[in-house]
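Put chain F on the given structure of chain Y with help from the hints.
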Amino acid sequence: MNTRRTRAVARKEFLHIVRDPRSLAMALGMPLMMLFLFGYALTLDVDRIPTVVYDSDYTPESRELIQRFQGSRYFQILGSVDQYETIERKIDRDQCLLGVVIPQDYSRKLLSGDEAEIQILLDGSDSNTASIALGYAESMLQRYGLELRAVAFNRKGGGHLVPPIEPRLRVWYNSELKSKNYIVPGLIAVILMIIAALLTSLTIAREWEMGTMEQLLSTPLRPAEMVLGKMVAFFGVGLVDMVLAIAVGVLIFQVPLRGNPLFLFFTGCVFLFGGLCWGILISAVARSQLLAYQMGMLSSFLPAFVLSGFIYSIENMPVVIRVITHVVPARYFVTILKGVFLKGIGFEVLWAEVVFLLTFAGIVFLLATRKLKQKLA
Amino acid sequence: MAASHEANQWAVEIEDLVKRFGDFVAVDHVSLKVRRGEIFGFLGPNGAGKSTAIRILCGLLAPSGGRAIVGGFNVATEPEAVKKNIGYMSQKFSLYDDLKVEENIDFFSGVYGVPPEQRAKRKEFVLDMADLQERRDSMTRLLAGGWKQRLALGCAILHEPPILFLDEPTSGVDPIARRGFWDLIYQLSESGHTVFVSTHYMDEAEYCHRLALMYRGRIIALGEPSTLKKNLRSHSLMYLDSSDPLESMKALEGKKGILGVAVFGAGLHVSVQDPASTRRQIQDLLGQRGIHIRRLEMISPSMEDVFVAMIEEEERKAS
Chain Y
9 MNTRRTRAVA RKEFLHIVRD PRSLAMALGM PLMMLFLFGY ALTLDVDRIP TVVYDSDYTP
69 ESRELIQRFQ GSRYFQILGS VDQYETIERK IDRDQCLLGV VIPQDYSRKL LSGDEAEIQI
129 LLDGSDSNTA SIALGYAESM LQRYGLELRA VAFNRKGGGH LVPPIEPRLR VWYNSELKSK
189 NYIVPGLIAV ILMIIAALLT SLTIAREWEM GTMEQLLSTP LRPAEMVLGK MVAFFGVGLV
249 DMVLAIAVGV LIFQVPLRGN PLFLFFTGCV FLFGGLCWGI LISAVARSQL LAYQMGMLSS
309 FLPAFVLSGF IYSIENMPVV IRVITHVVPA RYFVTILKGV FLKGIGFEVL WAEVVFLLTF
369 AGIVFLLATR KLKQKLA
Chain F
301 MAASHEANQW AVEIEDLVKR FGDFVAVDHV SLKVRRGEIF GFLGPNGAGK STAIRILCGL
361 LAPSGGRAIV GGFNVATEPE AVKKNIGYMS QKFSLYDDLK VEENIDFFSG VYGVPPEQRA
421 KRKEFVLDMA DLQERRDSMT RLLAGGWKQR LALGCAILHE PPILFLDEPT SGVDPIARRG
481 FWDLIYQLSE SGHTVFVSTH YMDEAEYCHR LALMYRGRII ALGEPSTLKK NLRSHSLMYL
541 DSSDPLESMK ALEGKKGILG VAVFGAGLHV SVQDPASTRR QIQDLLGQRG IHIRRLEMIS
601 PSMEDVFVAM IEEEERKAS
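Protein chains in written order, with this note's numbering: chain Y, 9 to 385; chain F, 301 to 619.
Rather than coming from a laboratory, the hints here were simulated on the basis of the structure. This structure is a prediction, so every number in the text was calculated from the model and none was measured. Heads up, none of these hints are tricks.
With a straight-line cut-off of 30 Å between C-alpha atoms, the simulated DSBU-like cross-links for lysine-lysine are:
{"#": "1", "chain 1": "F", "residue 1": "K617", "chain 2": "F", "residue 2": "K530"}
{"#": "2", "chain 1": "F", "residue 1": "K392", "chain 2": "Y", "residue 2": "K381"}
{"#": "3", "chain 1": "F", "residue 1": "K617", "chain 2": "F", "residue 2": "K555"}
{"#": "4", "chain 1": "Y", "residue 1": "K346", "chain 2": "Y", "residue 2": "K188"}
{"#": "5", "chain 1": "F", "residue 1": "K550", "chain 2": "F", "residue 2": "K617"}
{"#": "6", "chain 1": "F", "residue 1": "K529", "chain 2": "F", "residue 2": "K556"}
{"#": "7", "chain 1": "Y", "residue 1": "K379", "chain 2": "F", "residue 2": "K392"}
{"#": "8", "chain 1": "F", "residue 1": "K333", "chain 2": "F", "residue 2": "K384"}
{"#": "9", "chain 1": "F", "residue 1": "K400", "chain 2": "F", "residue 2": "K421"}
{"#": "10", "chain 1": "F", "residue 1": "K384", "chain 2": "Y", "residue 2": "K379"}
{"#": "11", "chain 1": "F", "residue 1": "K384", "chain 2": "Y", "residue 2": "K383"}
{"#": "12", "chain 1": "F", "residue 1": "K333", "chain 2": "F", "residue 2": "K617"}
{"#": "13", "chain 1": "F", "residue 1": "K530", "chain 2": "F", "residue 2": "K333"}
{"#": "14", "chain 1": "F", "residue 1": "K384", "chain 2": "Y", "residue 2": "K381"}
{"#": "15", "chain 1": "Y", "residue 1": "K164", "chain 2": "Y", "residue 2": "K117"}
{"#": "16", "chain 1": "Y", "residue 1": "K383", "chain 2": "F", "residue 2": "K392"}
{"#": "17", "chain 1": "Y", "residue 1": "K351", "chain 2": "Y", "residue 2": "K186"}
{"#": "18", "chain 1": "F", "residue 1": "K530", "chain 2": "F", "residue 2": "K555"}
Next up, chain Y with everything else stripped away, as it sits in the complex (with noise of 0.2 Å):
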């Protein structure tokens, strides 16, 4: 191994990033696009949701249930219809999501002691917004229902009636349950992910392409130095990336950071190794930028991007699925990021995923420097 050979690498390497307008935007400009995007867009915090009545009940009985709706801040009251169609039509042209129906025998029926109904109309196609306002209208509707409940009871003479179990909520970590708060965190594994192994795969590919391999080839050059250094200088660009997403998450998005930041830069560092080795490994197996670019894209940020929980809870997916998360190792790194961020929690902990992200960089290390060499040879 030859420090001369690496650093003339790593610098030539440099230059290319920093002339090509085009790889300088992804490196740059696709974490920060992606962090806002991410950031803003997508929330997956429910509330507000537009909700319309249809009251053929008209009493003050069925008012006082659209005031509680009206009351909650899950939902809005967009307005009330006096034909069952119109919430139809509503619904299908997404002007609300949720319809409320209230039959002309509510208040009679309430009033007599009897189970009285109503309908609630949900848009499912949309599965997890509506799934969400359900709980909510329904956690609502039930607790309204208590309430008659005892009303009725006291009024009968029955004394103060007490519900069984009152639960005390308290949501640890996110208490605000936001969603931007894990969102932002496990974004930057994405990003990193992406980095590390897409642009390391598109270099080696680009010699091959321009034919400036078969020059590198002819030199004393060995392949671990190429490899070496290559990996600096795109190392150099993760590790700005990686900064840059933690300072946009801490002072634009206001996410807590609330365990060790040294602890969370060098389990990054680990992360952003093992991406590196692995863009490596790709390009050793791919000649054109074309086929590098797609085994990039399909290997690096679709796992991390879908499998990693960053976004989608893992223990929701089928069993096949859940096995393979557990070779991704954006799955570990998310993990690290939702703990040292939201949890404050460090390597007493995350030991694990450390010493998987740790195992994960060192044999793609020797896979790829072992490829490439049988490649070049």
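This is chain F only, laid out in the frame that chain Y set:
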């Protein structure tokens, strides 16, 4: 390195070199030796195996059989040592277009491991040699073909390699730039470098000290350009200018005493065994067909004639 290199006068020794790609034999039992300081030419049509042979000698491809020693090192077993002793310029321009002239030089200085204290001196030498002093800050992409070629050569000699392999270095360069490039090759040869150069330009072949004609993976002739031409005189060459060259060609091909007919410019080159008797025969054959002979004379063969004659002979042997 020095000991083994000084110990013999051969910069390159090839014995029975074979390279197969599946069933295709790209290099077919080639043997040759190149003297130190020599300009050795590899002449042959595209696909003859020149590039493959050069890539083996540079340690870029493993041979399928035979032995190749470059600068005293075996290319199959000591490619790393070989690479320290050679400069290589591939057929395709292979410097970095998005780097400046100077940055390309610095990069190759680095990968060739030129000691830091010598780098500035070597850089100036290369810039002077390639006449690129005024363009040292230019983006390589913007250089014209001839400049690029000289820069590529410059980058290949930064580490002062004793042996240079140039694979069709002047393809796609205008004739004046080509001439200038050959002046550089002579300079390098005079300062002791061995230059192994492949080309398909006949005029360039004549600039070489020695020459190997390669055809279908084999070497069909080897020697100094003048010797190769002299050997061809055993069958002489005549230039025929007639009123109908194509008809003349048909009339003469395959006739006794006529070894070959090839179109050359507006006329024909006819290689014959015995010019004295064949002259009459040609006049008779064409006269019968009413073809008017404007000129029929003995000429001395050019490199192209040697090449065409050799290949025709190969084809004859094969069929």
